[in-house]
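So the protein sequences, as listed, match chains A and B. Per the working numbering, residue 1 is the first one in the first sequence, and the count goes up by one each step. Per the working numbering, residue 1 is the first one in the second sequence, and the count goes up by one each step.
Some hints could be false.
Where chains are identical, the list cannot tell them apart; a pair therefore holds if satisfied intra-copy or between any two copies.
When the alpha-carbon atoms are kept at most 20 Å apart in a straight line, the in silico EDC-like pairs for lysine to aspartate or glutamate are as follows [to be verified]:
(1) K137 x D92
(2) K137 x D116
(3) K137 x E121
(4) K227 x E186
(5) K4 x D77
Keep in mind that the hints were calculated from the coordinates and are not lab data.
2 protein chains.
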Amino acid sequence: MNGKLIGVGLGPGDPELMTLKAHRVIANAAVIAYPALENGDSFARSIAADVIPDAAREITIHIPMTQERAPAQAAYDRGAADIAAALETGRDVVVLCEGDPFFYGSFMYLFTRLADRFTTEIIPGVTSVTACAAAAKTPLTARNDVLTIIPGPLDSDTMRQRIEAAGAVAIMKVGRHLGKIRTLLEQMDLAPRARYIERASLPSERVLPLSEAPDPAPYFSMILIAKGQDPWLT
Amino acid sequence: MNGKLIGVGLGPGDPELMTLKAHRVIANAAVIAYPALENGDSFARSIAADVIPDAAREITIHIPMTQERAPAQAAYDRGAADIAAALETGRDVVVLCEGDPFFYGSFMYLFTRLADRFTTEIIPGVTSVTACAAAAKTPLTARNDVLTIIPGPLDSDTMRQRIEAAGAVAIMKVGRHLGKIRTLLEQMDLAPRARYIERASLPSERVLPLSEAPDPAPYFSMILIAKGQDPWLT
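Looking at chain A on its own, in the form it has when it is part of the complex (with noise of 0.2 Å):
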């Protein structure tokens, strides 16, 4: 009988917005797998690793940040084959995923290289569109608003189509594109009502006006505009 592969979300980064069904998954753990750079820092991991069990066995999985994809998806390919050969031995493996499993995240490249061979179960978390907009404290959508999520690297074309059919939107991983999208939102007249906020829920984190943001942006930044058109809210 294989073990289950569960997928955990650990929030934004505060482990005290993590779940408590992750925190009690995550305590009873006898396998944990997680991303890390090729240092070896896991973000998600350190966010957890007040909770890991000592006795906990560990899969590191070291994701090259190149920009071929290639290097990446063979780490993957190892990753999940060490996570498969536990699997084997009865025991679920714990991956440790930063925000949410299925939302951005690099757990789903691992989901799919093995949800066909085992029972798995997704333990959502808080992602970082909301974490952001509690730190800024800027409501994001409410009632009939459409909400657009928007990785940075887009071109700016696309982005501004997106942009405009939006009632509120989050550029995520707003990182080095900074500059573009700052130009972006000033030609659309959105500037001064864009938030910026970087390491949300974490002690360093940072909520500043569009104009002050720092360029280049750290890589766990993002941009909030509610374009507000529920008009009961202003």
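With chain A's structure known, arrange chain B on it following the hints.
Chain B alone, transformed into the frame defined by chain A:
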């Protein structure tokens, strides 16, 4: 010295999907407020029921479910006045919110009425969007996918445009709009990829192909379409 207004996200329904922080704040609350139907039923309160201290004072905000919006806004006026009176005694008021406080919730109508006068804190929660993806075991968005969240009441033409532009789509508040949405997705040849989820994370959770979804659907229902633009995932 006034108390603090604390909006607490409770997650999608399973009490174990509450965050550790939400649990701590509710367990220590002296005054708790929450929206309820006119008959007194409150989904938010039901999620937190086992955590609310016996000694806590409870402020119930009865929201009339009318098409007209003025009666609900009058209820928020009264609720905000009750909360303000409690805050002025120096006590914090914890407002219970299904999902996340700033994500399609009623909390923002209280927030806009009180945030100018009182200190506020927002504790983000797991949204129904990622809870539904977890229930359906459907990865939502990878890398540079655009995710668009669309309220079910939107008209078909606008909905079609938003869906065409997105990499992944979550249609919220499906309810009595199910027929309209199903027809649209069939016309767009997206029906086979669409998953229907109701009451995600609750014991009564159901995940169905769109063709088998009930019409009308319950209020807490969603349709997810992952158009899957990342070739490494397919």
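For each hint, the structure was consulted:
1. K137 x D92: between (39 Å within a copy, 17 Å between copies)
2. K137 x D116: For K137 and D116, only the inter-copy Cα distance (12 Å) is at most 20 Å; the intra-copy one is 42 Å.
3. K137 x E121: between (33 Å within a copy, 8 Å between copies)
4. K227 x E186: within (14 Å within a copy, 31 Å between copies)
5. K4 x D77: within (18 Å within a copy, 49 Å between copies)
Comparing the model with each earlier hint shows no violations; every hint is respected.
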